[in-house]
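Participant: Listed below are the residues making up each chain.
Protein chains: 2
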Amino acid sequence: MIGEKEGAGVDYLAEERAGAQFDLHSMKLFLAGGQHAYDVSKRMADLVANDPVFAKEDRVRVPRKEHYKNSLRKAGHAWKTILEQGLTEEESMKLRGFIDEPTYTELHWGMFIPALKGQATEEQQHKWLPKAYKMAIIGCYAQTELGHGSNVQGLETTATFDASTDEFVLHSPTLTSTKWWPGGLGKASTHALVYARLITDSQDYGVHAFIVQIRSLEDHTPLPNVTVGDIGVKFGNGGYNSMDNGLLRFDHVRIPRENMLMKLATVTKEGKYIRSNKPRQLGYGAMVFVRQGIVTDASIYLSRAVTIAVRYSAIRRQFGAKDDKPEVQVIDYRTQQYRLFPLLATVYAYRIVGFWMKWLYADVTERLNNNDFSTLPEVHSCTAGLKSMTTAITADGIEECRKLCGGHGYLCASGLPELYAVYVPACTYEGDNNILLLQVARFLLKTLAQAGSGTKPVGTAAYLGNIQHLTSVNCKVSRGEDWLNPSVMLEAFEARAARMAVGCGMRVAKAPDSESAFNELSPELVEAAQAHCQLIVVSKFIEQVQKDIPGEGVKQQLEVLCNLYALSLLTAHSGDFLATGYLTSRQVSLAKDQQKALFSAVRPNAVALVDAFDHTDNYLGSDLGRYDGDVYTHLYKNAWKDPLNESVVTEGYHDYLRPVLKQQLWGPASKL
Amino acid sequence: MIGEKEGAGVDYLAEERAGAQFDLHSMKLFLAGGQHAYDVSKRMADLVANDPVFAKEDRVRVPRKEHYKNSLRKAGHAWKTILEQGLTEEESMKLRGFIDEPTYTELHWGMFIPALKGQATEEQQHKWLPKAYKMAIIGCYAQTELGHGSNVQGLETTATFDASTDEFVLHSPTLTSTKWWPGGLGKASTHALVYARLITDSQDYGVHAFIVQIRSLEDHTPLPNVTVGDIGVKFGNGGYNSMDNGLLRFDHVRIPRENMLMKLATVTKEGKYIRSNKPRQLGYGAMVFVRQGIVTDASIYLSRAVTIAVRYSAIRRQFGAKDDKPEVQVIDYRTQQYRLFPLLATVYAYRIVGFWMKWLYADVTERLNNNDFSTLPEVHSCTAGLKSMTTAITADGIEECRKLCGGHGYLCASGLPELYAVYVPACTYEGDNNILLLQVARFLLKTLAQAGSGTKPVGTAAYLGNIQHLTSVNCKVSRGEDWLNPSVMLEAFEARAARMAVGCGMRVAKAPDSESAFNELSPELVEAAQAHCQLIVVSKFIEQVQKDIPGEGVKQQLEVLCNLYALSLLTAHSGDFLATGYLTSRQVSLAKDQQKALFSAVRPNAVALVDAFDHTDNYLGSDLGRYDGDVYTHLYKNAWKDPLNESVVTEGYHDYLRPVLKQQLWGPASKL
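Chains as they are written, first to last, in UniProt numbering: chain A, 1 to 672; chain B, 1 to 672.
Heads up, a few of these hints could be off.
To be verified - For each label pair, taking beta carbons as the anchor points, the in silico distance ranges come out as:
id: 1; chain 1: B; residue 1: 572; chain 2: A; residue 2: 511; range: 22 to 30 Å
id: 2; chain 1: B; residue 1: 18; chain 2: A; residue 2: 449; range: 40 to 48 Å
id: 3; chain 1: A; residue 1: 600; chain 2: B; residue 2: 670; range: 38 to 46 Å
id: 4; chain 1: A; residue 1: 83; chain 2: B; residue 2: 616; range: 52 to 60 Å
id: 5; chain 1: A; residue 1: 365; chain 2: B; residue 2: 18; range: 53 to 61 Å
id: 6; chain 1: A; residue 1: 206; chain 2: B; residue 2: 670; range: 57 to 65 Å
id: 7; chain 1: A; residue 1: 277; chain 2: B; residue 2: 670; range: 44 to 52 Å
id: 8; chain 1: A; residue 1: 206; chain 2: B; residue 2: 14; range: 53 to 61 Å
id: 9; chain 1: B; residue 1: 25; chain 2: A; residue 2: 515; range: 50 to 58 Å
id: 10; chain 1: B; residue 1: 9; chain 2: A; residue 2: 616; range: 52 to 60 Å
id: 11; chain 1: B; residue 1: 18; chain 2: A; residue 2: 274; range: 48 to 56 Å
id: 12; chain 1: B; residue 1: 581; chain 2: A; residue 2: 572; range: 15 to 23 Å
id: 13; chain 1: A; residue 1: 320; chain 2: B; residue 2: 274; range: 28 to 36 Å
Hints in this document: simulated from the structure, not taken from any laboratory. For glycine and all other residues, C-beta sits at the position ideal for the given N, C-alpha and C.
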């Protein structure tokens, strides 16, 4: 019985592990993306797990101020460790990831420095980057404002050039122009990369970036006429509250002219605005890189939730006790499998798409170096769609895993509430998910129009060159097993995506005002964009499992997961497939039956398939998701650490409970 | 511009309000359920809003211990207010609701006392109820255990009768038998209603209820051999963390025999177990009452989220600025309407279902008094399904509203993170939502089987008596407006629900082992149950709008919302309607077009339709959802209250930031 044995050597999931039908280590290597990446991850994960400074168990229990101070300590200690051990950039990134607590360093390394590299001239880089690299300055990325998020062109902060002093004057003209949300801004940063409207000679040249020092390098006090602070508590106990998302206002703050980032445009001493002739598309490479990271992160975050839910579902038993046998493992219920196993398959799918996006990044970088911009619209749309889809599904998937853990998933000790709270902003930052999908939809309509006039669609949109076939063909499935044929599956997703896009395209084309037709049809356009993105993931998964993959049984497991992933999407969105006339209801029904057969194939491997993610107990931070399955012992033990349990008789008893129990609510001593 | 004016008299939503096409006050009365209920709510809401003891703005910022102490203070003050002002039971319940912070009093009044009333003999009630009514004892409801949730029959705690002392011995034989989750148990309660296996003469008679004192009435220390404490931090900052959900273990704790609740079964002095001849179904009335409350609460919680999201969507502007005109209000985008307006309609739908359930409760009570148990299976299934559906949709809907508020929805200042965190347990308590849906599915299969052998289905299942027609008829819709015909709509939902149930029923009937077929088919059964529940809500909404409803334009608004509610379900679940062959894809497409026409009808009334919920700013607790729309001013002002802003230079600067900036990471003074 769970909880009877405890400590090293206990493994309540041993039987589950023994039943796995594939080589675990090979799968770990596959998921890590090879031996080198595996080694780095393992080393950094262990380094964090074994250093008490990085302990994270109390973060939901301490007040925010202490939580924030702890995160500063961890960030500083991480930096010290990086220098001490001479870690590479790759190792440093992994290290920060495993510490698993958002801090100012993320924005410094992830936004401030890359933006300098992308938008500063070489001279400017020479001036600023060495300081930034040794963290003699701490930078943040100050774009969004209280009243302005996704629409960068709507920003109100102004940077007005004063030729008389060769300075820009930064100013926040309205309440809504207050910079709002930048991470690391609230309490930590010394410098901000401020996006503001460039005004010279009374003309507004739109939004540009400026380096602005906001705090003293001596005593960290805000500089004169700079108002800066934290924007307040966010979703979750720990969650993102270790980050000092900040607000910032300028009251005519002056900075030297050369603090404008001038790679793409300059202002001369005389106040003349000159746009450089460097192609603006050069920035796209960085965007692909960032989005590739987001998709891989989605897979990692979802894998943590799925690990917890799968292990706990194998431990938890409920109903169905018979003849002295214990109750049934929750993971054996079809309703549980129906919600959980598709998410398990999704983790694998997104990991594989992440690998592919690494290739895409390399490809686009090479093209940009050769001034080949031909694939950019497709790459832009594809990465926008994948960012949107993977983050949205991951956020919802984490919460679904929490629900799959029943009541105990609601305890912070499960690790799941915080995982959701800390992850869900990914749906908003780096491009709001809904707006990104509308961008994908615009691309699809444009591609269809161009295909109509003879331009061949490329890359992930290539199937749109095959419209005639895809809008006339019918699905060939007549038995459940037919759904396991990769070309059958691919055609289904291509036909559905193509038909949805064409359906929208025809309606927009017919409308007198295409812009208002676009708004009118936007719910359908979003759905068409989603269908397109799902197709991309399904096709990349299918491509992957058609290659050789080393390790006993590894390829077979991936095939099962690939089919499960695709069929789960298909049955969940059966309305699309039916409405476009590609599938019959009988074919949908066969898909559902086949899906259940795949559940049964996954079941004996489920625990091993999450073990393959190779998360340390420290990184998971979950009593429910422990490797050893000793769930109840640790839930019980850790409950006693709650501050409320510090005293046997609760604080407040004498003032607020005793007067109730003793009917002494009135009188001079009453505090009620 | 927002934020230019502030204070009393400012109304940035005035224009929105002026455009409404119905009488607001009449709508308020309708939603409240009449003048009396409206008056009580208004009085209690204002009482709470105007009493500084009930202020709630700092609850996300204080540490848990302080948060808990504050909640004890509020609970005590509420009790004092109730006595002082001589509030009725109805008023007291409303008062506690508006305080909007879960505490031990909820369980005392909502579970402990009702359980005593339902399961204690008159003599026992006479002994315990007076003490409970004056709160001389505080009770909680200790059923679930660390290893056992929904399956009450699996509980492990034992109550072994010892005839030699005429006592029961309460014991927790295993770790997993630890009582876990009961609200009010952790730190506040003096007594617990403990569910334990009754053992007498070495025989196990299953789970029964016992009153057990757990803390001293003198000094509140736990009684000997009782281990009791809080189970730890839960999802959210404030959220449910004001509640001391507790753990409880017994080490052979003795209680008098008469502490067993003996209405339905007794144990004699000699240890003989005697089941009473009172029908067990009598408890069903209470269950209907509780579930009616849950459905009404769902409507209230969702209405709070929708109020915030609608008002903020009318204030927030983004993209589309043209010719010096400001950006477009977010509420004017179809993508926003597509996600937001169906939730608005859902609030109205659930409110109306709540009204109907009040009638159902009265009806079932009268029947039980007349020993008429004929409608109980249908009532049980219907209330189980409605509890499950409304809580699940409300939880997801709150989170959807949060997402609809963009980045700012992620701030606790929006009120939405806490609203979600505090609401989502409703999906688990009082019956886990998934298990409830499977109960509905079982009822549907049974009803179909009985209908086949001539028993006429009743109440909300009556349509299953019409299977022949519903499985053969086709939808008559040929133009979009046809969807506005109530009988067309009703038939669509009946046909789809009937066909899904019949489809499952035939497969289970054909299977050799119907129990394993049930598990195998459970995902489809859950979907069939959901279709059935959606039909109930749609049909009750349609019934309501066919009656006379006073107030200019009120009935028209309700008709629009009714159609929107139904069509939104229909388009979201179009796969069901298509797969069952009832609808063609053209009819689905017409439904989508009609849905958009309804969005346009809702749009000018949206703000007034949420004003009709009549929430005070205090109760909403949201900077985004303020009545006056002065969003940005208050976001900005309230940010400064964050603990991190108490000092200009952050705590931790000298120890953890300065060493980084100054490259002083090593040396004797380093704390890194």
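Participant: Give a verdict on every hint.
Facilitator: Taking the hints in turn, this is what the structure says about them:
1. 572(B) to 511(A): 22 to 30 Å: 25 Å, holds
2. 18(B) to 449(A): 40 to 48 Å: Check passed, 42 Å falls within 40 to 48 Å.
3. 600(A) to 670(B): 38 to 46 Å: For residue 600(A) and residue 670(B) the Cβ distance comes to about 57 Å; the hint is violated.
4. 83(A) to 616(B): 52 to 60 Å: Between residue 83(A) and residue 616(B), where Cβ atoms are some 55 Å apart, the hint holds.
5. 365(A) to 18(B): 53 to 61 Å: 56 Å, holds
6. 206(A) to 670(B): 57 to 65 Å: Violated: the Cβ-Cβ distance is about 46 Å, outside 57 to 65 Å.
7. 277(A) to 670(B): 44 to 52 Å: 49 Å, holds
8. 206(A) to 14(B): 53 to 61 Å: 33 Å, violated
9. 25(B) to 515(A): 50 to 58 Å: Hint violated: Cβ distance 40 Å, outside 50 to 58 Å.
10. 9(B) to 616(A): 52 to 60 Å: 58 Å, holds
11. 18(B) to 274(A): 48 to 56 Å: 50 Å, holds
12. 581(B) to 572(A): 15 to 23 Å: 20 Å, holds
13. 320(A) to 274(B): 28 to 36 Å: 30 Å, holds
The structure fails to meet hints 3, 6, 8 and 9 from the earlier list, while all remaining hints are met.
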